[in-house]
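Here is what each chain is made of, one letter per residue.
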Amino acid sequence: MLMGQILSLAGMFEGKHVTWMPSYGPEMRGGTANCTVVVSDEEVASPVTSQAEVIVAMNIPSLLKFEKAVTPGGYLFINQSVVDREPTRIDINIVKVPCNDIADALGNLKVANMVMLGAVVEKTKVVSLDSIFMALEKKLTGGKASLIEVNKEAIKKGMEAAK
Amino acid sequence: MLMGQILSLAGMFEGKHVTWMPSYGPEMRGGTANCTVVVSDEEVASPVTSQAEVIVAMNIPSLLKFEKAVTPGGYLFINQSVVDREPTRIDINIVKVPCNDIADALGNLKVANMVMLGAVVEKTKVVSLDSIFMALEKKLTGGKASLIEVNKEAIKKGMEAAK
Amino acid sequence: MAERVLVKGTEAIGEAAIRAGCRLFFGYPITPQNELPEYMSKRMPEVGGTFLQTESEVATINMVYGAACTGTRVMTSTSSPGFSLMQEGISYMACAQLPAVLVNVVRGGPGLGDIQPSQGDYWQATKGGGHGDYKLIVLAPSTVQEAVDLTVLAFDLADKYRTPVVIIADGVIGQMMEPVTFPEFRNLNTLPKHDDWALTGANGREKHIVVSFDIDPHVLEKMNLEIVEKLRKIEANEKRWEEYKLEDAEIVITAFGTVGRIAKSVVEQARKEGIKAGLFRPITLWPFPYERLEEISKGKKLILDVEMNMGQMLEDVKLAVKDHARIEFYGRMGGVVPTPDEIFEALKKFLNV
Amino acid sequence: MAERVLVKGTEAIGEAAIRAGCRLFFGYPITPQNELPEYMSKRMPEVGGTFLQTESEVATINMVYGAACTGTRVMTSTSSPGFSLMQEGISYMACAQLPAVLVNVVRGGPGLGDIQPSQGDYWQATKGGGHGDYKLIVLAPSTVQEAVDLTVLAFDLADKYRTPVVIIADGVIGQMMEPVTFPEFRNLNTLPKHDDWALTGANGREKHIVVSFDIDPHVLEKMNLEIVEKLRKIEANEKRWEEYKLEDAEIVITAFGTVGRIAKSVVEQARKEGIKAGLFRPITLWPFPYERLEEISKGKKLILDVEMNMGQMLEDVKLAVKDHARIEFYGRMGGVVPTPDEIFEALKKFLNV
Amino acid sequence: MPRVKGKIEIDQERCKGCGLCISVCPMKVIDFGEGFNAKGYHPAEPKYVEKCIACGFCYNMCPDVCITVYREVESA
Amino acid sequence: MPRVKGKIEIDQERCKGCGLCISVCPMKVIDFGEGFNAKGYHPAEPKYVEKCIACGFCYNMCPDVCITVYREVESA
Amino acid sequence: MAFQVILKRPESLTQREFTYCPGCTHGIIHRIIAEVIDELGIREKTIAVAPIGCSVFAYQFFNTDATVAAHGRAPAVATGMKRARPDLYVFTYQGDGDLAAIGTAEIVHAANRGEKITTIFVNNAIYGMTGGQMAPTTLLGMKTTTTPYGRKADNDGYPLHVAEIIKEARGVAFLARTKVNTPQDVQKTKKAIKKAFLAQIKGLGFGMVEVLSTCPTNWGIDPVSALKWLEEHMVPEYPLGVFVDKVGDEQ
Amino acid sequence: MAFQVILKRPESLTQREFTYCPGCTHGIIHRIIAEVIDELGIREKTIAVAPIGCSVFAYQFFNTDATVAAHGRAPAVATGMKRARPDLYVFTYQGDGDLAAIGTAEIVHAANRGEKITTIFVNNAIYGMTGGQMAPTTLLGMKTTTTPYGRKADNDGYPLHVAEIIKEARGVAFLARTKVNTPQDVQKTKKAIKKAFLAQIKGLGFGMVEVLSTCPTNWGIDPVSALKWLEEHMVPEYPLGVFVDKVGDEQ
Ligand SMILES: Cc1ncc(C[n+]2csc(CCOP(=O)(O)OP(=O)(O)O)c2C)c(N)n1
Ligand SMILES: Cc1ncc(C[n+]2csc(CCOP(=O)(O)OP(=O)(O)O)c2C)c(N)n1
Ligand code: SF4
Ligand code: SF4
Ligand code: SF4
Ligand code: SF4
Ligand code: SF4
Ligand code: SF4
Ligand SMILES: [Mg+2]
Ligand SMILES: [Mg+2]
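Chains as they are written, first to last, in the working numbering: chain A, -5 to 157; chain B, -5 to 157; chain C, -15 to 337; chain D, -15 to 337; chain E, 324 to 399; chain F, 324 to 399; chain G, -19 to 231; chain H, -19 to 231.
No wet-lab data here; the hints were simulated from the structure. Small disclaimer: the values here were computed from a predicted structure and weren't measured. Be aware that one or more of the hints could be misleading.
Per the computed footprint, the stretches of chain H lying under chain D, defined by three or more beta-carbons under 8 Å from a beta-carbon of chain D, are [said to hold, decoys possible]:
1) 56 to 68
2) 115 to 127
As a list, the in silico EDC-like pairs of lysine to aspartate or glutamate whose alpha-carbon atoms are at most 16 Å apart [to be verified]:
3) C:K306 with D:D325
4) A:K146 with A:E116
5) H:K(-12) with F:E332
6) C:K306 with D:D307
7) D:K306 with C:E190
8) F:K362 with H:E(-3)
9) H:K25 with C:E190
Glycine included, every Cβ here is placed at the ideal spot set by N, Cα and C.
Just chain A, same shape as in the assembly (with noise of 0.2 Å):
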C-alpha cells in the first residue's frame, strides 16, 4: 500500500494525473489487501479498474487473484522471494524479484516493497527515479525519517534485480 502512495507521489510531481485507490474492509485481514494506482498523463477518469498494465504480487493469493487482471503485454512483478508459484499467463512480461531475500540482506525485511518498487521503476519508468526519492522523503517523515536512506537504498537493489 506504502508503494502505491510513493509511486502516486511520485507521478504528482511530475505533473502527472494520478490516483491510488485502496481496497479496505475484511479483505484487509484477508491477505489480499491492494490497491490500485493510476498514473496517467491525461485527466484521470476511472480510478478503477478491471485491467491494469503493471500488477504487482507480494503473495500467492495476490498472485491468484489478480494474475488475469493484467492487459496482455503488461507486466507482472512477482515477489518470489514468497511467491513458489509459477504464473500461468504467456502473453505479458513477468518479472520475478527476489524481494524479501534482498531486503533481509539489508537488514530489514519492511523494505521489500521498496525493492518491488524499484523493480517497477526500472522496468516500466513510469515516474523517474528522483521523484520516487522526493516521494519518499515527503512521505518518510518524523522519526521515520532515519529510514529513509536504507528505503533508497532498498529501490537501488531492485532496479539492479530488475535490470
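Given chain A's structure and the hints, the job is docking chains B, C, D, E, F, G and H with the ligands onto it.
For chains B, C, D, E, F, G and H with the ligands alone, coordinates are given in the frame of chain A:
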C-alpha cells in the same frame, strides 16, 4: 362530541352515509372542542367542510368561532343558558335552547347536550327520533345503561323546547 | 351480512388487523394515532395477543423486525417523526424481506411540525426514506371502510411478497368515525407459516438465517436483484386506484387519501357548474399506477393534482403524464386541510372561468 | 499557488471543512468513512476545535442541531445506515432552518448491506428521507479535488440559505488518494454570525427561539411557505452540473459522483470507436438541473443513465427528458462498481452495435 | 414575637382555580371567588388577607405564578 | 495419587497461531510448529503430548476451538 | 409601615400564560428554575432546551434563548450547544417519556461524559402531552390509556429508577431526586436545581434533578388530591435524596 | 486403557471458521455459549441475535436459527422474537459499541421490562470492527484511532460501567461481570452464562453477563500480552462480580 356520535349512529341506522370528525389536539384544552357530522343520502365525500347547514354552539367561544360557518338558510342552535350574546347573522335560522336550565331541571347537568340534540332533531328532521333512541341504547351500555332514561327525557324536552 | 358499526379510523385499523390474524402490536405514543395503540392495549389481551408499549420508535421497528423474523403477523403504528426514526429498521426489513404492516398517520411537518392532518410524507414512504435500493408497498385509504379493507390486504400482501407494507393515513382518516363492516376473524391456523425461512428453532432441520447483509458485494448484488425482481412482480400485479366520473371528464383531479375523498365533492361541485371533472385516486402510492394515468391523461384539458403538501405525488403524476396534458398543482401544507370550495376555486382559476 | 498534496477523499473533506472555518465535528464510527472522524480527532485539537465521538447517529444529528442553533459552523459524517438514523433530526433542522454540512459516504444497501461503494441513497438524499415537506441541497463530487471544493461551498451555501447541505460520496471518493490543492484558511471572524436568529444568550436583546414547530397549522403553513420560497430561490440559483464533450454528442451518458468519472473513460472509449458520446454529470443532485438536461436531450439518439443503484436518479432524468429521447439504464448494486468496459458494453448493446 | 404581617395579590386573570394555594395557606387567607374569569375558572381570592403572615406558601405552590407576596416593613 | 494421563489433538488448519494455548498449558505440552498452514500461520503443535494431564486449559483458552482433549480411562 | 414585595414573578419568565392544566406542578418547577436563573444572574447567557411533552412550550415561557429538541434528544442538543459555546449555560427540561424512554441513551451518555449542562427531569409517572399513556416511570398497577388493566410487570416492565441509573455515570457532578407537593419541598427542589446549575457554572460536570411532579388531568384526580397521591404512591417507589454532590455547600 | 474425548467442539457451533483475529477472545466466548446451549439441550429452540461489530458473523457460527440486528438494537429484536414466540429461547451477543453506545436505551429497557432474553455483552474497551475507535468503555488515557492523544475525561467522558447501570433495572434476574483471560475465568464465565440462560428458561426475567474480552489487533499488542493487559488495566476499572442472582444455586 357525544351528541355528534349519537347523531351519526342514528344516521347510520337509517342507512344514510355519515361521518363524524372531531377536532383534536390542544384545542381540547382550549375549550372549543368540536366535531363535524355529515349525514347525507349520497356517498359522503368531504368530512371537513368550511360551511355547515346546522351548527350547534354550546358556549361563547364556539359561537364566536363557528357562527360564520353556517350556510345561508341554515340553522344555528345556541345554548341559551350559557351564551348570553346575540349572534350577528340574519340570513340564517337561529334556535335558542336553554339546555343547561332544562338539564338542571331534570337533575343532571350532563344531559344538556341531549337537550340540544332533541332540539336539532326536531327542527331539522335529519334523522328520526326512533333512530336516535336506538343509537342511544347502543352507545350507553354497561354501567351507563341506567342513564338511558334521563337522556331520552332530555331529548324529548329539547324537542319540545324547539317546537 | 356482518353488522355495520360506527368507529374511528385508527380503531378500525386496529380491529381489522386483529381480524386479519395479527396478535402482536408494538408501538410508542404519538398524536394523532394514539387511539390505535390504546385500542390494542385493551383488545389484544382479550384475543390472547400481545400489546407492548416500547421505549421509542427505534426500538419499535426493531421489535417488529424480531417478531417478523419468526414469521408471525405483526404491526406497528406511528406518526411522521416516529416514522423517520424507523427508517434504518425499515431498510433492514426490506433487505431481509420481512413481512409486517406499518401504519403512518401523517401529521404536519417537517420537524416537530404540528399534529394536524397532512400528506407530507409521500416522498418518504414511496421513494425510500431509508438508505439503499428498496420500495415498500404503500396503501392510502380514503374512508374508514377502505382503511379496514386495506389493513387486511396489507397483511396478505406483506406475507405474499415478504415485504413491509405501509398504510399511510392522516388525522382525518384516523380520527373520523364512519360506519364500517368488519371482515370475519381469520382462522390463525390458516395464516402463512413461512416454514421455509422463519426463525422458529432449528428443530430437525437446517438452521435458518435472516439477514440484510453480505460482506461480498457480488452476493449482496444478487440479494438486491432478487428484491428488484420481486418489486417488478408487485408493480405488475398490485397497482390499485379508483376512477371516479372519468368516462367523459375533461379535467382530471389527481389526489390520494383524505384529499381523494374531498376531491369527490369538488368533482360534484364542478359538474353542477358544467365543468366535466373526474377523479383519479391512486390507492397504491407505490406501485404507482403510471400507465393507467398516462392513458387517462391523453387529450385532457387539465390535470389538477391536489395534495396536503408542497407537491410530492406531483412528481409521479408528471412521470405518468409527461407532455400529454397540462398539469397544475394545488396544495396546502403544515396540517391545513383544503376544503372542497377552495379546491374548486383553484380549479376555476386554472381554467380561467 | 498553494501546494498540491496527495490525500484521501475523506481526509480531504475534513481538511477542507477546517479551512472553511468549521471547528466542530460530531460523529459516530462507521465504515467506509472512519478516516474522516479519525482525521478530525487528530486535527481539531491542533486548530483549537472540538471533535466529539457521539453515542449514536441519533445523538450526532441532534448535537449538530444544537451547535447549529448557536450559529456555529458544524459538520458530521456517516454512511448509509447512520444517515437513516439521522432522518428525524434532519427534518427538524430543515424546518428550523439550521445550517450544517452532513456527509454521507454511501455504502451498499439496503439494511446492513456491505461497506463497498454505492449510490443507493440518492432517493433518500434528494426526495426527503425524513418526514414532511423539505429539500436539502445535495452535492456529489467525483474527484477528491471536487470534494474539497464542494465542502467549502457546502458551508457557504448552508449559511447563505440556512439549510443543511449534504455531501454525498461513496467509498471510491472516500478512500481514493488524489493530488489536491486546498484553499486558504478562512478567517473565523469573517464567518456569518447569524446575529438575527442564533441562540447566543439574550444579552441586551429580545430572546431568540429556534423551533421546528407551531401548534397552529396556519402558522406552520406559513413557516412551510417560507421554506418553499427559499427552495425556489435555491432552484433558481444553485444548479450545478458538468458537461463533457456534449457539443457534438449523439449519445448522452448521465451519471453522478464516482460513476460520473468512470463514465468519462467510457466517453473516451466510445469516441475511439467512433461513437459520439458525451457526459452530463449533475453536481447538485438537488436542485437537479432538469431544464439543462431537457435542452440537451432534444434530438439525441440515446440517454444512458448509469448509476450504482437500481435506477434512482433515473426518475429525475425521466422528469427532465420526458419524451424527447430514448432513455436506458445501466446499474450495478450492492456495492459493485461498474468498470468502464462493462458500461461501454452496455452502451453498445443498447445501440445494437 | 409579634406576628409578621403580610399581604398577597392574585392575578385573577392568570388564575386557573386549581386551589393549590388554598390548600397550603396555613392561615386560610384564600378562597375561590364567585365569578368566572375570562378563561372560565373561579379564580382564587385573598379573602381574609388581614390574616396573611407572608409565609409564601401560596406563592410557592401556585403553578401559574399568579401570586405576589408582600410583607410589612418599617417604612424607609 | 497417580497422575492423570491426557492427550490433545489440534486442528492445525483452523489454528491461527495465537499462542494462547501455549501460554496456559501448565505442562508445556504445546509449541508452535515449524511450517505454515494454508492460512499462513505457524500452527500450534502438541509437541510433548506425553506430559499432558488433560487439564483442559488449552481447550478453554483456544479462541478458534481447534483443540480436542482426551483422557485415559479403563477400557470398557 | 409599608408593604414590600418579597415574592413575585421572576424576571426569567416571560409574560406568557402557561399552557398547563390547572394545578399541574410543571408550572411550579418552571418558576423555581426561573428564580434560580435570576439569582445566579445568568439569564442573558442561558439557553433553554425544551423537550417534547406538555412542556414543549417551555421555549416560550423562559425569558432566555430557547429551542425545542426532538423527543428525548435534549441532552444531545444541549451538548451540541455547549461544545459550540462553552461560555453559555445550557439546561434541558424533560419529561419522563422524553428522558426515561426514548431519550435513555442521550441522558446516560451526557451524564457519563460529564457534559457541562443541567437537566431538570420532571417525573409525573405518565405521558401527559399525548393523553395519559404509560411512561417507564408509571407505577405498577396504575391504569393509563395504554395499560387499561393496570401496569403489569410481566408485560410492561417495572417503574424505571432514573436517578439510580444516572448515579452510576462517572461524569455526574450533582444529582438529586426531589418533589414539589409541599411548599417546603418546592424550596428544597429549588436548592437542588441551583446546585445542578452550579455544577455547570463551576465546570464540575453534569447536573440533574429528578423532580416528582403531578399530572392531575391524566391521573384523573383533582390538583389538591394529586399532591397527596404523589406523596403516597410515588415517594415510596422513588425515594428522595441527593445521590451525587460534588458542588459542596459553600453557596 | 484407552483415550476418551473429554473436551471437544460443541454441537451448537457450525463448522465455519471464526473470522476473528488470532487470539481474539470473542472465539472463547462463542464456544462457551455453545457449550451452555448444548448442556441445556436447547439448541433446537434457540435463536441467536448477532450484533454489528466483529461478531456480526456470529449468525454463521452458532448452529441455531439466527439473525443480525441493526447496530445496538439486538435487545429490541430479541424482544420482538420472544413476544412472538415465548416458547423459544433468544439470546443476544453484543459488543461494547453496540450495547453500551448506540444501544443504551434498548438494553436498559429490555432489562427493565424483565424481558425473558439472555444477553452476552463483550466488553473489549474498543470498537473492533470499524478499526479501533474509542468505545464508551475505553479506559482513560487509552489511545484509539479517535482518541489519538489518549481518552480524556473532559472531552470524551468516562469509561461506562454497564453492569452497574443495568443492576438498577428491576427486571433483571441475573447479572454478572466476568473475564476470559485465564482458563479458570473462562469456566466462571461459562457458569455465569448458564445462569443467564436459566433466568430465561425459568421465566425469571432478564439475564446478562458482561464479559471482559481482548482485542489484540486494536490494542496493538500480541494475544498473550492482551490477556495480561486485560487483567492489569480493565479489571481495576471494571470490577468483577455477580450483581443480581435470582436464579439460585440448584443447578
Ligand atoms: C419521535 C417522537 N415520538 C413520539 C412523540 C409524541 N410525544 C409527544 S410528547 C410525548 C410524551 C410526553 O410525555 P413526558 O415526556 O412524560 O412529558 P409530560 O407531557 O408528561 O410532561 C410523546 C410520546 C413525538 N413528538 N416524537
Ligand atoms: C447505525 C450504524 N452505525 C455504525 C455502524 C458501524 N459499526 C459497525 S460495528 C461498530 C462498532 C463495533 O464495536 P463493538 O460493538 O465494540 O464490537 P467489537 O467489534 O469491538 O466486538 C460500528 C460503530 C453501523 N453498522 N451501523
Ligand atoms: S403568604 Fe402564607 S399566609 Fe399569606 S396567603 Fe400566602 S400562604 Fe397564606
Ligand atoms: S394556586 Fe394559583 S392558579 Fe391555583 S388557585 Fe391559587 S392562584 Fe389560582
Ligand atoms: S490439556 Fe492441559 S496439560 Fe494437556 S496440553 Fe492442554 S493445557 Fe497442556
Ligand atoms: S489457542 Fe488455538 S488458535 Fe491459538 S495457537 Fe493454540 S490451537 Fe492455535
Ligand atoms: S396533561 Fe398532566 S402534565 Fe400535562 S399539563 Fe396537564 S396536568 Fe400537566
Ligand atoms: S478487531 Fe479486535 S475484537 Fe475484532 S476480531 Fe480482531 S481482535 Fe477481535
Ligand atoms: Mg410525563
Ligand atoms: Mg468492542
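Results of checking the hints against the structure:
Remark: the region 56 to 68 of chain H is not confirmed as covered by chain D, as 0 of its residues place a Cβ nearer than 8 Å to a Cβ of that chain, below the required three. Counting residues of the region 115 to 127 of chain H whose CB falls under 8 Å from any CB of chain D gives 4; the rule of at least 3 is met. Between the alpha carbons of K306 (chain C) and D325 (chain D) the distance comes to roughly 33 Å, so the proposed pair goes past 16 Å and is violated. For the suggested pair K146 (chain A) and E116 (chain A), the alpha carbons sit about 14 Å apart, so the restraint of at most 16 Å is met.
Restraint check for K(-12) (chain H) and E332 (chain F): the C-alpha separation of about 10 Å stays at or below 16 Å, so the hint holds. A C-alpha spacing of about 7 Å is found between K306 (chain C) and D307 (chain D), which places the hinted pair at or below 16 Å, so the restraint holds. For the hint linking K306 (chain D) to E190 (chain C), the alpha-carbon distance of about 51 Å lies beyond 16 Å, and the restraint is violated. For the proposed pair K362 (chain F) and E(-3) (chain H), the alpha carbon gap of about 11 Å is at most 16 Å, so the pair holds.
With a CA separation close to 13 Å, the supplied pair K25 (chain H) and E190 (chain C) stays within the 16 Å bound.
Consistency note: the structure conflicts with the earlier hints numbered 1, 3 and 7.
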